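Numbering (the numbering used here), first residue to last: 1 to 407.
Keep in mind the hints are simulated off the structure, nothing from the lab. This structure is a prediction, so every number in the text was calculated from the model and none was measured. Using N, Cα and C, we set each Cβ at its ideal position, and we do this for glycine too. A couple of the hints might just be wrong.
Subject to a maximum C-alpha distance of 27 Å in a straight line, what follows is the list of computed BS3-like cross-link-like pairs (lysine-lysine) [said to hold, decoys possible]:
1) Lys146 - Lys157
2) Lys266 - Lys157
3) Lys146 - Lys348
4) Lys208 - Lys146
5) Lys203 - Lys92
6) Lys52 - Lys203
So the derived label-pair ranges between C-beta atoms look like this [claimed, not checked]:
7) Glu372 - Gln61: 38 to 46 Å
8) Asp105 - Gly383: 44 to 52 Å
9) Ile57 - Thr358: 48 to 56 Å
10) Thr202 - Val50: 43 to 51 Å
11) Asp107 - Gly347: 51 to 59 Å
12) Val116 - Lys370: 34 to 42 Å
13) Thr48 - Thr202: 20 to 28 Å
14) Phe3 - Asp107: 28 to 36 Å
15) Asp107 - Lys131: 17 to 25 Å
16) Asn135 - Lys348: 34 to 42 Å
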Amino acid sequence: MKFIDGGVTAAKGFEAASTAASIKYKGRTDMALIYSLVPCISAGTFTTNVVKAAPVIWDKQVVESGALVQAVVVNSGIANACTGQEGMDICKRTARATADALNVDPDGVLVASTGVIGMQLPMDRICEGIKALANTKALGRSAGHKAALAIMTTDTKEKEAAVEVEIGGRMVTIGGMSKGSGMIHPNMCTMLAFLCTDAAITKSALQKALSEVVNDTYNMISVDGDTSTNDTCLLLANGLTGNPLITEDTEDYETFKAALYALNEKLAKKMAGDGEGATALLEVRMTGCESVSQARIMAKSVVCSSLVKTAIAGRDANWGRILCAMGYSGEQFDPEKVDLYFESAAGKICIVKDGVATDYSEEEATEILKQEAVSIIAHVHMGSCQAVAWGCDLTHGYIDINADYRS
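Taking the hints into account, I'd like the entire structure generated from these sequences.
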C-alpha cells in the first residue's frame, strides 16, 4: 500500500466539479459534485446526534436501501439542519434536479450540506449550481482538488488523500476528500468525508470495512467537544479495477481495510490539525492498557481536555492536566505506575516516571511543544493494548471564529 498524489477523483471512473452558487459565501466556490461513470454500491456512517440534518436522513435512507449511487452533490455555507419538512423536500428536489442534469436515477443521488444550522437553502441557486456542475464535471486531479476547496467552511486547508494497493493482481485505488474544522467531537465527528474506490467489493464488506475504520479514525478526533448535526462519511465503489470480488473475512478484505484505514487516518489528522484557531496537531497515544476500549476512552479524555489543549497552546509542559484527564475518564488504573512523554520533530522527553515528575528540562519540553505536531504518550503498564486520539490546541482564535460564525 502506498500513498499517491490525489483526492476524490484518484480512483478510476470518478469525475468531480465545483461551482460558485452564492448560497452563503461570496467570491468563492460553494458547491461540489462527485460523479461515477458507472453506478456504485455505497456505504455510509452518520452522526450520532439526535438532531440530524435533512441530508443525513436522506443519505442514510439511500445507503440502507441498497440503491446504486452515481452522484453526490455537496453545498457549503448552509447546513440544511433543523429545517423541518422543507429541508427534506429540498433534498428530494436536489436529487431530482441532479438526476435530470446527469440522466441518472434520482434514487441513487446522495446530498450533503455543511454550514450554518437553521437556515433554509435557496433552491433556485442550488438548481443553477447543479446545472453548472453537470456541465463542467471532469476526470483528473484538478477537478477533484477544486471540489475539495468548494466544501470548506471555516477550514483553512483543503483535505485530500489517495492510496493504491494491489488486490488480486490488480491495483486498487481509494481516494477521498473531507472537511471539518469546528464542531468536531468523537462519535462520527463534525465532518463530511467522501471516499471513492474502483475496487470490486460486496456491499456488506464495504459497509463493514467503513464502519470498522471510522471507529479508529474519525471517531478518535476532537476539536471542541461538539458533535455535529451533519456528520457524514460516504464510500462509493464502482468496481472498475476488475479485481476478484472482495468479500468479508478474507485476505483481500483485510488488505482493502488496511488501505482504507490509512486513507481515513490521514484525512482525520488533517481535520484535527486544522481545528478552528489551532496552531498544533495534538496526538494522544495511550499504551500499556488492558483493553483497546480502555485505551480509547482514556486517549479521548486527554485529547478532549480544554486544560490540556490550552497547555499545548501555551507550550506549557503541564503534565498534571494529563493525569487529571486520565483520572476522570472513568477507567481504572494505578497513577503511581504511569509514565508520560512529550514527543515531536524536536525530540522526545520523559516528564513523568511511575506517577512522579522526572528531572526534565522545562526549556527542552517547551521546544518540543513548539512544533506543528505534538504527541503525548502515556504508558499505564496494565497490558499490551493501545489507542490513538487526535485533536489540536485551543487558542483565542477559536473564540474569534465562532463568535462571528453566522455573520
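So, going through the hints one by one against the coordinates:
1. A distance of roughly 12 Å separates the Cα atoms of Lys146 and Lys157; the hinted pair therefore holds under the 27 Å criterion.
2. Only pairs whose Cα atoms come within 27 Å are accepted, and Lys266 paired with Lys157 is accepted, the gap being roughly 14 Å.
3. About 38 Å separates the Cα atoms of Lys146 and Lys348, which puts this hinted pair outside 27 Å; it is violated.
4. The hinted pair formed by Lys208 and Lys146 fails the criterion: a straight-line CA distance of about 30 Å is larger than 27 Å.
5. The hinted pair formed by Lys203 and Lys92 meets the criterion: a straight-line CA distance of about 24 Å does not exceed 27 Å.
6. With a C-alpha separation of about 24 Å, the suggested pair Lys52 and Lys203 falls inside the 27 Å cut-off, and the hint holds.
7. Take Glu372 and Gln61: their Cβ atoms lie about 41 Å apart, and the range 38 to 46 Å holds.
8. The hinted window of 44 to 52 Å between Asp105 and Gly383 holds, with their beta carbons roughly 50 Å apart.
9. Taking the beta carbon of each, Ile57 and Thr358 are about 52 Å apart, inside 48 to 56 Å as hinted.
10. Remark: the range hint 43 to 51 Å for Thr202 to Val50 is contradicted by a beta-carbon distance near 31 Å.
11. The hinted range of 51 to 59 Å is satisfied by Asp107 and Gly347, whose Cβ atoms lie roughly 56 Å apart.
12. For the pair Val116 and Lys370, the supplied restraint of 34 to 42 Å holds, since their beta-carbon distance comes to about 35 Å.
13. Checked against the given bound of 20 to 28 Å, the beta carbons of Thr48 and Thr202, roughly 26 Å apart, stay inside it.
14. Evaluation of the 28 to 36 Å hint for Phe3 and Asp107 yields a pass: the beta carbon distance comes to about 35 Å.
15. A hinted range of 17 to 25 Å for the beta carbons of Asp107 and Lys131 is consistent with their spacing of about 21 Å.
16. Roughly 53 Å separates the CB atoms of Asn135 and Lys348, a value that falls outside the hinted 34 to 42 Å.
Of the numbered hints stated above, those contradicted by the structure are hints 3, 4, 10 and 16, listed in ascending order.
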